[in-house]
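Chains as they are written, first to last, in this note's numbering: chain A, -19 to 270; chain B, 25 to 289; chain C, 234 to 604.
Each hint should be verified, as a subset may be incorrect.
[Unchecked claim] Result set (DSS-like, lysine-lysine): computed pairs, CA atoms no more than 25 Å apart in a straight line: (1) 164/A x 28/B; (2) 315/C x 363/C; (3) 407/C x 363/C; (4) 408/C x 418/C; (5) 418/C x 407/C; (6) 300/C x 315/C; (7) 407/C x 118/B; (8) 363/C x 352/C; (9) 28/B x 159/A.
[To be verified] Derived CB-CB ranges, DEER-like: (10) 81/A x 548/C: 18 to 28 Å; (11) 300/C x 101/B: 46 to 56 Å; (12) 279/B x 26/A: 50 to 60 Å; (13) 374/C x 81/A: 18 to 28 Å; (14) 178/A x 369/C: 48 to 58 Å.
The set of hints was computed from the structure by calculation and includes no laboratory data.
Remember, predicted model here, so these are calculated numbers, not experimental data.
Virtual Cβ for every residue (Gly too), placed ideally from N, Cα, C.
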Amino acid sequence: MSALEPTTQPAAAVRPGRAWRPFALTLPALVLLAAVIGYPLITIVLRSLSEPEWGAQNYVWFFGAPVNLAVLQRTFTISAWVTLVCVVCAYPYAYLMTAVGPRIRLVLVLCVLIPFWVSGVVRTLSWVILLQDSGVINSLLRSAGFTGIRLIRTQTGVVIGMAQVLLPFMILPLYSVMKGIDLKLVQAARSLGARPSRAFFTVYLPLSLPGVYAGAIIVFILALGFYITPALLGGPRSTMLSTLVQTQVLSLLQWGRGGAMGVVLLVTTFLLLALAAPVMRSRHREAGRR
Amino acid sequence: MEMKPLTRLVLGLVCLLVAIWLVAPTLVVVPMSFNGNKSLAFPPQGFSWQWYQNFATNPEWSTSFLNSLKVASIVAVLATVLGTLAAFGLDRMKARPASLLRMLMLTPMVVPGVVLAIGIYAVYLDAQLVGTLSGFVLAHTILALPFVLIAVSANLEVFDRRLETAAASLGAGALTTFRTVTLPLILPGILSGLLFAFATSFDEIIVSLFITNPYLKTLPVQIFSSITRDADPTVAAVGTILLCATTILIGAGMLLLGRERKGRL
Amino acid sequence: MNPRPDNRGAAIDLESVTKAYGAFKALDGVSLGIEPGEFMTLLGPSGSGKTTTLNVIAGFTDVTSGKLLVGEKSVVGVPAHKRNIGVVFQHYALFPHMTVGRNVAYPLTLRGVDQAKRKVRVARALDMVKMGDFAHRYPSELSGGQQQRVALARAIVFDPPLLLMDEPLGALDKKLREWLQLEIKRIHRELGTTFVYVTHDQEEALVLSDRIAVFNRGRIEQVGTGRQLYDEPATLFVGRFIGDSTVLRGEARSDGTSTALTIAGEAVTAPRRLAGETNPVMLLRPEKLSLRRAGQTAAAGTNRLSGTIAEAIYLGSGSKYEVKLADGSVAIVRSPLTGESFGLGEKVELCFDGADAKLLADDSTADTTLT
């Protein structure tokens, strides 16, 4: 009742003339942010426009060279594949997490979290071991009659490795959305005459989509910027944008060109985020959460 | 939702495969670390402890490990202090500026690693921070900050501000209220933020690869260069040690948490 | 909890207290005097300013203008933690990381009371609310009613001269609420502290209070004992907020000593007139109305209005009828079990003595705020 009165909000700590206090608390973090993120990013943008001389030449070069466009396209293709693999694998997994008892759920959650326990570099090393031409997976495939399949230094290998690293980022948001879906809605659909599969496709799936969107966006964006996994698992024909940036800057000392590529990658990431934000927000509102 | 037995079986199998896919690569390093040969071919041949010995005695490995510990410890403290302060500030701010600032502070999570790395590298070259402890600490702190912010904010969100009002009515000033009421209740968030910050720094590789130099290497950088240089199973030994260490830490944490819960609920 | 025969609690004085949030006035010139040791209830619908008044006294909210004295000292500008006022919150606000005992000991620790004395006083406060056996439990192990009693113990353990309670029983079920009301009354009697109690429940206010201040739209409509508010409401809002009532509206004519209302062709009179030019209405309490079957003769001088029984409710101790009048309005009548009973749709006459009708100025807010 009285919760509607404006003063029931905790007003104790807020006294007139002290509104600046919260800002002061965030100030140290903001200063560091400006120095270690803001300033470097501005530096990169400036260098991409000014080296070797002022102008858009680096961008003209980037979008004019078919090699670069091929890498850009490949970066998107690999990220899309990784996202797709993650959605397909994560959906049943997250669903099972909501359907089982607390004990099995704990095991399933642990399986998702264990990959985080080990250094990311070490994990990629594991994939190098597993995927190499004389590795376990190839031997298994060979004994099953599939010969001549190469995994390491191919796009397939890169997708397998990246998807494994990124899978938790798909499973967790999906699980948190599925956990909130009111199963009574599915029962309602069944009582209205829907077969189980139809109830799933017309009720459960649409309600779980916000989780799919959220997870897919996160995975896709993280995949775009991947560096270590493609560098170790990929070959020259599966180079991604990040590797190209690194080569330009560290090996060729082409700060302008490397910077331009970095800016393209950065802008793409932010554009995707900006595009996804309103979709995700409105979807969340529609979802039949308890 | 009720399922047909067949659907149930297929779902279970698919999930089992996914679970194996998630976990197996993590565990592969364990048998590899006892390899008798200097090779990373699986399955390993023979048995030996030599890679663990190498890790302990080879200064390349032990120094980089100590460096990582040092950097990660400083980063954990620094990021936790800055992140906790910021989380408090955002919590007590009006909604609009708070959400704007929060977005800003989370950017380190979404900026592609390489872009950030070349930016920081460019700035560090000018500021002569490449290969320095402060260089590593600053870069890692900003990368760890979002995790602390998220952990502490999540705790502050469920923290009932009316308890602070209650403490004031009982005679507690602002500082006493913070010390006796607010801090104990958001401590779990701060601690998990600390842990996340430590792990983030300890695991950071992309930026580290750019700002490292022969005088200061962190463990991930050492692992990376070892993998790209030759097939040295010491990497697997390191991986196994890390795996054991985290398992023990997390196990202990869960036990502590469980005991605390039992006492409180 | 030293007994305080000479100190019966603090007096409180609010003088034209205003609290504005931009253009919105949560409190608009509120003046209220509370006697030492009095049980004063601030009653009103949500948003009426009662909780704001409590927050102003507690020091959680600053006043925009006006004076506020607690125990004859001005406390304007004094922060909440230096006012030494006990507060019981609607949602208990017990510290979840402390046991019941440590919760209650908290204010004593802050005041530097030594451990031995602290133990005694905590035990005494917990005994007073009958929670002595729960000192080692955590709040999450207690029911809502138990938590609220602990909160009460914590608010009185440091002997504040004034105790504020903000809808402390709002989250509890009816049975528990009624029992705790009696407990609170008992504790008030034992302590002699001044109690200021906020509620939107008029029955609760009547049960507990020495006096009640009725709030509406940031102002106090009337201050008085329950009986005064029920029998002599100063405004139509108060009349409608406290107890059941029937409001008669019609074309009004005054002739100096009496007022007549014409409702759908039938006239009723009251032997009084309302000062000023305001539009008068009549307010009648259910027990002052009686029913008789249409056509029966009545005593001379009794006002009569014809209507139809729209609802008949058996209450055990009697019956309650809703009678639809010719102009469409509904009158509420309570009749004892011994009286005649009427069926739905029956034509009846509503009778009352003009002297029992309260003449009040028509106040549009009385209808919009109450539904």
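Inset, instruction - For residue 81/A and residue 548/C, compare the CB-CB distance with the range 18 to 28 Å and indicate the outcome. - result: 51 Å, violated
Legend entry - Proposed proximity, residue 28/B with residue 164/A (alpha carbon, max 25 Å): 19 Å, holds
Inset, instruction - Hint says 48 to 58 Å; check whether the CB-CB distance for residue 178/A and residue 369/C agrees. - result: At 56 Å between Cβs, range holds.
Inset, instruction - Take a quick look at whether residue 28/B and residue 159/A sit within 25 Å of each other, Cα to Cα. - result: Answer holds: residue 28/B to residue 159/A is near 21 Å, not above 25 Å.
Inset, instruction - Kindly confirm whether 50 to 60 Å is satisfied by the beta carbon distance between residue 279/B and residue 26/A. - result: With a Cβ separation near 52 Å, residue 279/B and residue 26/A satisfy 50 to 60 Å, so the hint holds.
Inset, instruction - Hint says 18 to 28 Å; check whether the CB-CB distance for residue 374/C and residue 81/A agrees. - result: 26 Å, holds
Inset, instruction - Could you grab the alpha-carbon distance between residue 407/C and residue 118/B and see if it respects the 25 Å cut-off? - result: 38 Å, violated
Legend entry - Given hint residue 418/C paired with residue 408/C - CA-CA distance at most 25 Å: Holds, because 16 Å separates the two Cα atoms, which is no more than 25 Å.
Legend entry - 25 Å limit on alpha-carbon distance, applied to hinted pair residue 407/C and residue 363/C: 20 Å, holds
Legend entry - Supplied distance hint 46 to 56 Å, evaluated on CB atoms of residue 300/C and residue 101/B: 50 Å, holds
Inset, instruction - Quickly compare the C-alpha distance for residue 418/C and residue 407/C to 25 Å and report which way the hint goes. - result: Satisfied, since the Cα-Cα distance of roughly 17 Å is no more than 25 Å.
Legend entry - Restraint status (C-alpha distance of residue 363/C to residue 352/C at most 25 Å): Cα-Cα ~16 Å, so holds.
Checked against the numbered hints listed earlier, the structure breaks hints 2, 7, 10; every other hint is satisfied.
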